[in-house]
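Following the hints, put chain P in place on chain S, whose structure we already have.
As they're listed, the protein sequences go chains S and P.
This note's numbering applies: residue 1280 is where the first sequence begins, and numbers increase by one.
This note's numbering applies: residue 45 is where the second sequence begins, and numbers increase by one.
FYI, nobody ran anything at the bench for these hints, they're computed from the structure.
Treat the hints with care, as some may be off.
Claimed, not checked - Subject to a maximum C-alpha distance of 20 Å in a straight line, what follows is the list of computed SDA-like cross-link-like pairs (lysine to any residue):
1) S:K1366 x P:L264
2) S:K1310 x P:K307
3) P:K247 x P:V174
4) P:K273 x S:S1349
5) P:K307 x S:P1296
6) S:K1310 x P:I284
Stated by the list, open to error - A few chain S residues facing chain P, derived, Cβ under 8 Å:
7) E1307
8) K1310
9) E1354
10) Q1372
11) C1376
12) S1381
13) I1384
14) A1400
15) Y1416
To be verified - Covered by chain P, per the in silico footprint, the following chain S stretches (three or more residues, Cβ under 8 Å):
16) 1299-1305
17) 1333-1345
18) 1357-1368
Virtual Cβ for every residue (Gly too), placed ideally from N, Cα, C.
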Amino acid sequence: MAINFIVNGKAASSDAPPATPLLWVIREDLKLTGTKFGCGTGLCGACMVHIDGKRGFSCQTQVSEIAGKSITTIEGLSETSSHPEQKAWLAEQVPQCGYCQSGQIMSAADLLKQNAKPTRAQIVEHMSTNICRCGTYQRIIRAVERAAREA
Amino acid sequence: MTQDLFATIPAHPQPRPAVSRREVMMGAAGLSFAFVLGVEGRAAAAVLAAERTGKTLSPWVSISTDGTITIMSPAVEMGQGSMTSLPVIVADELDADWSKVAVVPAPPVDAIYGNPGFGGMMYTAGSNAVTSYFTPLRTFGAQVRRVLLENAAKRLAVPVEELTTEPSMVVHAKSGRRLGYGEIAAFAEIPDKAPEIRPEQLKKRADFRLIGHDVMRVELPMKVNGSAKYSIDQQIPGMIYGTVIRAPVEGSAPDKIEDAKAKAVPGVIAVVKLPYGVGVLTETAWAAFAGHQALDVSWTREGRAWGFDSDKGMELFAAAARDPKSR
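With the rest of the complex left out, here is chain S:
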């Protein structure tokens, strides 16, 4: 039976097996490959999306759980890379290889929504769900601070 939901403001539907992680529905079926597969076990944050406005690991969310819900991926965060986090990410030249950065940005956008003026400690705490093997953490913190300042 098809599962209906919203992705980046548009109606979507999936007939993938109910236990299929949302991550693969987004990437393979909807062709939105900005959301990345990293560990598959909710430890690295590369798969981070927003589910009904809150961040969630798409690799740990079964497609059956998202019926009627609204998903935002990095492609839908803004139409022209104009979200304050995306602008700050460019200004601070955060990405190195870039593989984890979609997830980083989605986590950071979630923080800004809950807390417009996070402290450095709050940023570090919130962003601890996301791993960057290039080690861009210092620039990530600077970018989140900048986004909070300039948003």
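Leaving out everything else, chain P in the frame of chain S:
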């Protein structure tokens, strides 16, 4: 599954003109420049071989009549920035307007794009790209600029020594006349022999407009909106997926394979015995993981490390460290 839901979402705007390799090769009008990199000692001796765009199959630099300058990037971008830094080297000596430069990853042709620091192989490693390509690319950029200058001198009927360049523009200060690189590309003739550029004729460091300055990496905008494509993002029609369970110890082979549960996973096509593991072929990425999980494999005990005990291993290592014969 609805496949084309997102076909109507407009593409994210790119920071600079996106040019496919085909467009580079088939460019309607303009010039393209190729050169061959020597290896090691001959690295600085770039040989210029320029032809009208469309004839040279793998140009390093193409200048379109609209002023777009396409520069090949010969190293693999892995986050180290060489997709930007190598074209910047060419662009600075060429005095190109960086905002009009389109960077294209070079096709895999060692003979044309090979790294002089790795015996002419296209090989990206060891923080080697900028140092090895630096002088050849500067020389080449300067040669292309010289060709443009000489063509402009002929057209303006002035001595070439009276001409200077500003980004993507040849300037004759005496008469106030200016010719854009794109304009020159429309009429330029390419000399049979590449102009010689001696090291002292290259730009002084103080004159660099791009090298040593903060230039936005060309691939960064794609890395903040999800549009950068990684190997895992490649999808082609009819593509299947595969995963391999490897032996827990080097040298072991699959003994008994219980694959009934794996084969029952929707999307699993086949389970394949390999000399060193068991492969699962599937229709979807998720089925590869689920099929892998559902396999039950026991292994032969051929590997030397079977039964290895880390604590005993430490004693062995310590004994070896104390034994003068093993030093």
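Inset, instruction - Provide an ascending list of the numbers of those earlier hints which the structure does not satisfy. - result: Numbers 2, 4, 14, 15, 17 - these are the hints that the structure violates, sorted from lowest upward.
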